[in-house]
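Enquirer: The primary structure of each chain is shown beneath.
Protein chains: 2
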Amino acid sequence: MRTHYCGDINETLIDQTVTFCGWVHRRRDHGGVIFLDVRDREGLVQVVFDPDTVDAFNTADSVRSEFVVQITGRVRGRPEGTTNDNMKTGKIEVLGKEINVVNKAATPPFPLDGYTDVGEDIRLKYRYMDMRRPEMQEKLRFRSKVTSHVRRYLEDNGFLDIETPILTRATPEGARDYLVPSRTHEGSFFALPQSPQLFKQLLMVSGFDRYYQIAKCFRDEDLRADRQPEFTQIDIEASFIDEEQIMALTQGMISEIFEKELNVQLGEFPRMPYSEAMQKYGSDKPDLRIPLQLVDVAEFLQDIEFKVFAGPAKDPKGRVAALRVPGGAEISRKQIDDYTKFVGIYGAKGLAWIKVNEIEKGVEGLQSPIIKFIGDDNTMSIMNKLGAENGDIIFFGADKEVIVNEALGALRCKLGEDLNLYTCDWAPLWVVDFPMFEETKDGGITAIHHPFTAPSCSPEELKAEPTTALSRAYDMVLNGCELGGGSIRIHEQSMQETVFDVLGISEEEQQEKFGFLLDALKYGAPVHGGLAFGLDRLVMLLTGANSIREVIAFPKTQSAACVMTEAPGQVGNAQLRELHIKLREKPKAES
Amino acid sequence: MRTHYCGDINETLIDQTVTFCGWVHRRRDHGGVIFLDVRDREGLVQVVFDPDTVDAFNTADSVRSEFVVQITGRVRGRPEGTTNDNMKTGKIEVLGKEINVVNKAATPPFPLDGYTDVGEDIRLKYRYMDMRRPEMQEKLRFRSKVTSHVRRYLEDNGFLDIETPILTRATPEGARDYLVPSRTHEGSFFALPQSPQLFKQLLMVSGFDRYYQIAKCFRDEDLRADRQPEFTQIDIEASFIDEEQIMALTQGMISEIFEKELNVQLGEFPRMPYSEAMQKYGSDKPDLRIPLQLVDVAEFLQDIEFKVFAGPAKDPKGRVAALRVPGGAEISRKQIDDYTKFVGIYGAKGLAWIKVNEIEKGVEGLQSPIIKFIGDDNTMSIMNKLGAENGDIIFFGADKEVIVNEALGALRCKLGEDLNLYTCDWAPLWVVDFPMFEETKDGGITAIHHPFTAPSCSPEELKAEPTTALSRAYDMVLNGCELGGGSIRIHEQSMQETVFDVLGISEEEQQEKFGFLLDALKYGAPVHGGLAFGLDRLVMLLTGANSIREVIAFPKTQSAACVMTEAPGQVGNAQLRELHIKLREKPKAES
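These protein sequences, in sequence, are chains A and B. By my numbering, the letter at position 33 of the first sequence is numbered 64, and the numbering carries on one by one without gaps. By my numbering, the letter at position 559 of the second sequence is numbered 590, and the numbering carries on one by one without gaps.
One or more hints might be untrue.
Identical copies carry no separate label here, and so any pair may be met within one copy or between two of them.
[What the hints assert, rightly or not] Quick list of in silico lysine-lysine cross-link-like pairs, DSS-like style, CA-CA up to 25 Å:
id, residue 1, residue 2
1, Lys365, Lys380
2, Lys613, Lys365
3, Lys445, Lys291
4, Lys122, Lys311
5, Lys403, Lys553
6, Lys372, Lys247
7, Lys156, Lys544
8, Lys392, Lys431
9, Lys553, Lys156
10, Lys544, Lys403
11, Lys135, Lys494
12, Lys416, Lys365
13, Lys338, Lys386
14, Lys135, Lys553
15, Lys416, Lys431
16, Lys247, Lys176
17, Lys380, Lys135
18, Lys348, Lys380
19, Lys416, Lys311
20, Lys544, Lys135
21, Lys380, Lys316
22, Lys380, Lys247
23, Lys119, Lys247
For the record, the hints were derived by calculation from the structure and aren't laboratory data.
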């Protein structure tokens with residue numbers, strides 16, 4: 032039906048006859064001549080219909096936006112002064128000879144051309160129209176290119192694409208599972224996988240050596256801005272390797288995508304231990320584009336009377352930290368109030384600050400409501416440690432360590448954005464040396480990654496001091512986002528049982544939930560490890576999209592619904608009966 | 032941890048020191064020397080430990096089958112007379128210097144070496160062990176290579192890999208859906224997709240022009256030998272194309288896989304109209320490796336008294352057909368009885384036959400219980416039409432057309448297998464010109480493909496004579512299996528409504544089930560069409576596997592369960608309560 036894509040018609044085709052198909056993007060009647068911009072996935076081409084081609088002119092005159100047309104015409108250079116350097120096809124136009132209306136179109140529910148602020152609900156309801164916009168086309172094409180690079184890179188490195196089940200058993204990632212009632216096994220349910228973790232480990236036990244899969248994963252969580260009920264993971268596992276090899280391999284993969292698609296050289300990714308990341312950036316996924324760092328100042332504040340500082344400074348689980356912001360003395364009181372509210376989201380009870388106006392004058396040159404509580408000498412000691420300079424503002428956090436880290440860590444990123452402090456476009460790094468476990472709010476213990484992560488110590492040491500044990504996990508972080516994470520896994524049954532024991536999982540529960548894994552480790556599991564990347568987030572970062580919904584063809588809303596297909600939907604009783612379930616009746620109103 | 036894969040160590044490495052990892056496949060103590068065959072995914076290598084390397088010898092002596100080991104040694108040529116030409120590594124062995132036990136292994140639940148007839152249930156329970164067998168490794172590696180070829184071929188042809196949702200709305204394919212209760216939308220359910228059909232059509236409406244996806248699909252059907260609850264489809268759709276282009280493109284894809292992986296040239300695929308396939312082969316997926324054909328013989332049998340033949344011969348919905356089998360006169364009475372039972376499965380009430388001993392003697396030279404009912408002249412006319420030769424057997428089917436086609440069609444394939452009549456290894460073809468609809472048993476009408484298939488006539492013609500209308504569908508058939516099927520789709524809303532009308536779908540139901548599709552067709556849908564291949568079946572055929580379970584890493588049993596993970600499993604009440612469902616109580620026994 033065509034000789035060329037619209038977007039591929041250019042000056043090399045001048046004087047040739049071409050046929051193309053596409054959508055009428057714009058129609059103008061200009062001096063008795065009809066101009067159509069016709070669009071396909073490769074771009075737009077301008078077509079001119081003169082009144083002397085009577086039939087074609089009349090048809091061209093009758094078409095409207097989004098009509099589907101097939102056009103034959105002769106390519107010619109645009110008259111001088113009318114070329115458009117912003118368009119691939121901007122040097123030429125097509126003199127239309129024949130036009131055939133393939134399909135008519137009703138008036139679009141929102142304008143595709145000049146689209147600005149149509150509500151997301153309308154865009155999602157008419158997603159097939161929204162995706163006609165060149166921005167959406169570009170994002171999904173980019174996604175396709177990324178997956179293609181990933182696959183080729185991994186295949187060229189000996190990885191096998193192996194599919195794991197979607198209908199499976201409840202997985203141990205800890206989030207809520209989506210369930211699927213079984214028809215053939217009354218009262219039983221499949222779970223949709225939160226990740227292929229155990230299956231990929233079993234593939235290593237099977238000896239496939241190098242596995243990958245671009246895998247759908249499912250979590251029935253309340254959706255935050257950046258979550259979807261189903262998401263896509265680049266899932267990787269390899270045998271007889273250590274963390275250095277898997278990090279080098281996956282760093283190479285991401286670097287290649289940046290190089291080929293964005294022409295960006297990421298260079299060698301720095302490594303940072305978890306403890307350093309928390310101390311300097313208050314986060315295990317620090318945004319290294321921002322030059323600000325948290326500095327501990329508890330040493331100067333333990334003995335003052337002011338409890339707000341002295342309390343956390345003396346508390347082994349407390350932290351007092353300062354964040355020096357060059358140029359921040361410009362920040363207004365109003366803005367400081369806004370930042371105080373912002374850190375409140377993370378549980379901080381306030382946001383102390385000092386502006387540095389004339390440091391050469393000592394405390395006289397500082398401006399702050401808190402110096403009187405800290406004392407002049409302590410204040411200057413702090414200024415000295417921070418290397419304060421005129422024009423700085425210094426923010427303080429003093430609370431439980433976790434609150435200070437979250438509050439100042441988030442404030443650091445917000446300041447970086449608000450004041451545009453970025454020193455580069457892309458700042459990747461590896462965060463390593465994570466603890467194995469963290470304490471839960473109820474005083475228990477939970478795995479920071481997952482319970483299949485290998486510790487970097489012996490089972491005996493792990494048992495003796497679980498909270499200080501480090502794991503062999505690694506996270507790849509880019510611009511403050513966790514792109515992917517992984518670890519060397521436990522390959523010995525006894526170590527796996529030790530970890531389950533430390534986590535307080537009874538032997539019975541171990542057998543019930545993970546019996547097949549423990550069995551598999553018994554029959555000769557190789558040393559193995561891997562990594563999983565969030566594809567949606569990776570593509571979002573690479574394309575500069577605001578949300579992963581922008582890089583998913585048919586995403587769900589924040590209430591986990593598809594407004595286009597109206598899923599989820601009602602189901603008849605007969606179907607539920609076959610599945611041996613029924614709807615729970617709503618509790619009656621209390622009388 | 033290694034310098035080479037086991038299977039890659041060969042005579043080019045003689046006198047070099049290598050390190051490799053793998054599983055102890057076999058251990059022999061031979062004249063005071065320990066021989067280990069060590070296995071990884073690339074193959075086996077033989078390692079020799081002499082007693083003079085005391086530590087290594089003792090460790091090698093202590094290992095057992097399936098222990099995971101890391102070995103360093105020097106490569107040397109095998110002594111004359113001990114080389115093994117069947118092994119990639121058969122010209123060399125490694126003189127072991129160091130051996131490190133990476134992991135011990137309990138005695139395997141079944142022997143991997145010399146595996147013959149372990150029950151499938153045990154193999155599935157210990158799937159991670161089963162997949163260590165070289166046959167399983169080979170099949171899953173082959174599958175990975177096939178998907179890689181498919182992806183590269185399609186990407187090189189401009190197709191974009193776009194993911195469609197797994198949590199979606201009940202799809203119209205007609206099989207039973209798997210359902211997923213929604214937590215956030217009380218009383219509502221997602222369905223897992225039976226195929227991405229509507230989504231891929233919407234992607235065409237969006238202008239992506241060329242889409243593909245290797246997509247998981249789900250059907251909650253009672254499982255036959257060749258079905259799985261979840262299966263994988265190579266899903267393809269393109270815009271502004273006709274059936275010739277899509278057939279050429281996908282034929283090229285399949286041919287390339289055969290060429291690159293099996294070194295087989297498939298050549299141009301013949302085309303056969305559905306009507307011819309049914310008439311000559313009794314099947315819409317004829318196995319053209321078998322030279323037998325059904326021949327209509329009703330013309331000779333309409334006026335005889337023998338009702339078994341005369342009835343169907345006169346019935347417009349009946350058929351009387353003969354199948355001439357060269358060399359079949361050898362078939363024994365016992366075998367004929369077995370074939371009679373076999374066609375009984377398909378509803379045939381008997382299996383008449385004539386053996387051709389000496390055709391030059393006329394009916395005297397024939398042997399059959401039925402000639403007396405047919406009459407001598409009619410018999411000879413039939414022999415003449417069939418071109419009967421000495422040594423033939425001729426089987427007859429006389430019944431409703433659908434029964435004759437199914438029974439003789441299946442018998443034809445069985446005879447092909449039993450008598451090894453195959454004339455070639457691979458016989459691909461396209462079946463085309465399918466009817467749009469077929470009659471259901473209750474006298475209704477149903478779509479042969481799906482209701483989005485474009486007819487090859489106008490809406491008016493379709494309405495007037497739906498049962499004779501042909502569709503623009505095409506199936507790719509190989510060796511009697513449907514590899515894939517597709518069609519040009521309906522792109523005009525009015526035609527889509529006409530098809531729904533003919534199918535007796537009320538306007539209300541059209542809106543409720545397909546409202547978003549009808550909407551989308553209204554806003555400018557391009558001409559489009561596509562195809563879907565069953566990946567599992569394609570790989571099964573290519574690898575010569577007996578079942579699709581052999582080419583799926585973690586398949587389900589015939590009762591739709593995973594015996595390894597014990598899925599589906601029980602779920603707590605709290606979880607069901609969150610999903611607003613409960614288990615249906617079993618009906619009480621009647622008193």
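Enquirer: All hints, please: hold or fail.
Expert: Structure-based check of each hint:
1. Lys365 / Lys380: within (17 Å within a copy, 92 Å between copies)
2. Lys613 / Lys365: Intra 56 Å, inter 54 Å, cutoff 25 Å: neither.
3. Lys445 / Lys291: neither (31 Å within a copy, 54 Å between copies)
4. Lys122 / Lys311: Cα proximity of Lys122 and Lys311: none, with 54 Å in one copy and 59 Å across.
5. Lys403 / Lys553: neither (65 Å within a copy, 72 Å between copies)
6. Lys372 / Lys247: Intra 38 Å, inter 47 Å, cutoff 25 Å: neither.
7. Lys156 / Lys544: between (41 Å within a copy, 15 Å between copies)
8. Lys392 / Lys431: neither (34 Å within a copy, 108 Å between copies)
9. Lys553 / Lys156: Answer is between; shortest inter-copy Cα gap is 14 Å, intra-copy 52 Å.
10. Lys544 / Lys403: neither (59 Å within a copy, 71 Å between copies)
11. Lys135 / Lys494: Close across copies (22 Å), not inside one copy (71 Å); limit 25 Å.
12. Lys416 / Lys365: Classified as neither; 28 Å inside a copy, 100 Å across copies.
13. Lys338 / Lys386: within (22 Å within a copy, 109 Å between copies)
14. Lys135 / Lys553: Close across copies (7 Å), not inside one copy (65 Å); limit 25 Å.
15. Lys416 / Lys431: Result: close within a single copy only, 22 Å intra versus 96 Å inter.
16. Lys247 / Lys176: Answer is both; intra-copy 18 Å and inter-copy 21 Å each pass.
17. Lys380 / Lys135: neither (61 Å within a copy, 55 Å between copies)
18. Lys348 / Lys380: Answer is within; shortest intra-copy Cα gap is 17 Å, inter-copy 85 Å.
19. Lys416 / Lys311: within (14 Å within a copy, 92 Å between copies)
20. Lys544 / Lys135: between (57 Å within a copy, 23 Å between copies)
21. Lys380 / Lys316: within (24 Å within a copy, 74 Å between copies)
22. Lys380 / Lys247: neither (41 Å within a copy, 50 Å between copies)
23. Lys119 / Lys247: Neither, since 36 Å and 38 Å both go past 25 Å.
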